[in-house]
Amino acid sequence: YFALKHGASFAVINALYKAFPQAVQEEKCNNGSTLLHCACAFASSVEVVSLLLESYPEAAMKQDNKGNSPLQHACESGPSLDVVSLLIEKCPTALKMKNDAKRTPLHLACESGASFEVVNLLLEKYIFAAGEKDHLGKTPLYHACEAGASLEVISLLIKKNPSAVIQMDDFLKTPLHCACEWRASLEVISFLINEFPAALEKRDFIGKLPLHHGCESRSSLEVISLLIEKYPGSLLVHDNDMKVPLHHACECRASSEVVSLLLESNNMEHVSDAAAVEDVKGMTPLHCGCRFGASLEVILLLLKAFPAAAGQSDRMGKTPQDHAKEYNNLFGGYDEVTEIVTYVSRLVEKRVNQSSAEQLMNKFIEMEWWDGVVLIFDLYPPLSDTLEDIPLNVIPSLLSMMTCRCKFMATWYMISNRQDLLKTI
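Residues 1 to 425 (the working numbering) make up the sequence shown, in order.
Everything labelled a hint here was simulated from the structure, so no lab data went into it.
Listed below are the simulated SDA-like cross-link pairs for lysine to any residue, each with C-alpha atoms no more than 20 Å apart in a straight line:
no.: 1; residue 1: K66; residue 2: K96
no.: 2; residue 1: K281; residue 2: F292
no.: 3; residue 1: K125; residue 2: S115
no.: 4; residue 1: K90; residue 2: E54
Label pairs and their calculated CB-CB ranges:
no.: 5; residue 1: L330; residue 2: M61; range: 52 to 60 Å
no.: 6; residue 1: L221; residue 2: E349; range: 28 to 36 Å
no.: 7; residue 1: P92; residue 2: V12; range: 26 to 34 Å
no.: 8; residue 1: G32; residue 2: G332; range: 46 to 54 Å
no.: 9; residue 1: T93; residue 2: S163; range: 23 to 31 Å
no.: 10; residue 1: N362; residue 2: F205; range: 49 to 57 Å
no.: 11; residue 1: G233; residue 2: E89; range: 49 to 57 Å
no.: 12; residue 1: S85; residue 2: G148; range: 19 to 27 Å
For every residue, glycine included, the Cβ atom is placed at its ideal position computed from N, Cα and C.
Working from the sequences, and respecting the hints, build out all of it.
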């Protein structure tokens, strides 16, 4: 047993066997396992497995205390094609055996990320395994999606059991949900969508769409973009905690590119919709971002989309500023975010006079956060009279942002009183 556990060579195993051949029939070396079970679990060579099989063929049919046969152990441990082929040859009935979790060798092979060749062999020998469900209602396709299987493996499983792609497990998840939850590749997710587009609109037992899971697992920008492209309405779908995908992205510290995509994919006149949504705890995405340490770039995007969130309290009576302070106290390095959120909170609640607003404007100019400058102009139009230090090349973009986002009177004040700036365009 210890020689097998530590990967001893065939020569060592053979010498030990010759010294004590009765050991191969011991069935209690490890939770009811025989040495053949152990060899398969420890990914021993085909030579070692062959020796143990020849010495005690009956072991191939035995199940340990968890209901696993040697073939199931082999499939679970990243199997070699030679070992799996040998075990099937000696005991074909093992292909249909289920362990205590109702998992067949194919379930375990898919769960462990087995090669296409191994999966193909298991299906060739017992095609109905592709439709078997475990104790959670999962077919092998689910486990393959969770394990990051190749497109080749995924397409093979669906080819052998086409209905698997539309089935839901006991948690009401489709294979697409699982693929998004476990960060499957873009090509796999694209393939699953093409096979069953309606999965994009399916909500699991906690109300999550595939996009919720993709944001929560920090899937790539390309995957998130594809999910939105195929079902734009998912951006504002609430889960059972009243969270939209943007909440999950902010909680899991998604990149600024992903957060920007989630915000900008709304129609322009509704750009703040997702950023304004409150979950069951009264938290907006900005609250979530500050609580879980989202980057400064992400926080600025959220403030741009819905600055009023900076002054809102959640159900616990905490503002984004409070959450940012708590994160900074625990982990440090969050001073700048705390400072910016505090500034914007004071601005939107009109807790600053014009002199203080001018100081904040200069701070935002120094940071080159032009969205913050536009916010100040919108709240304090006369401050445009003080502009002296904005680079000329920035002014066209700044005015464009103002016409899109500021109140009419703020824009009109700029046009009426700063003709000198307009002449620079």
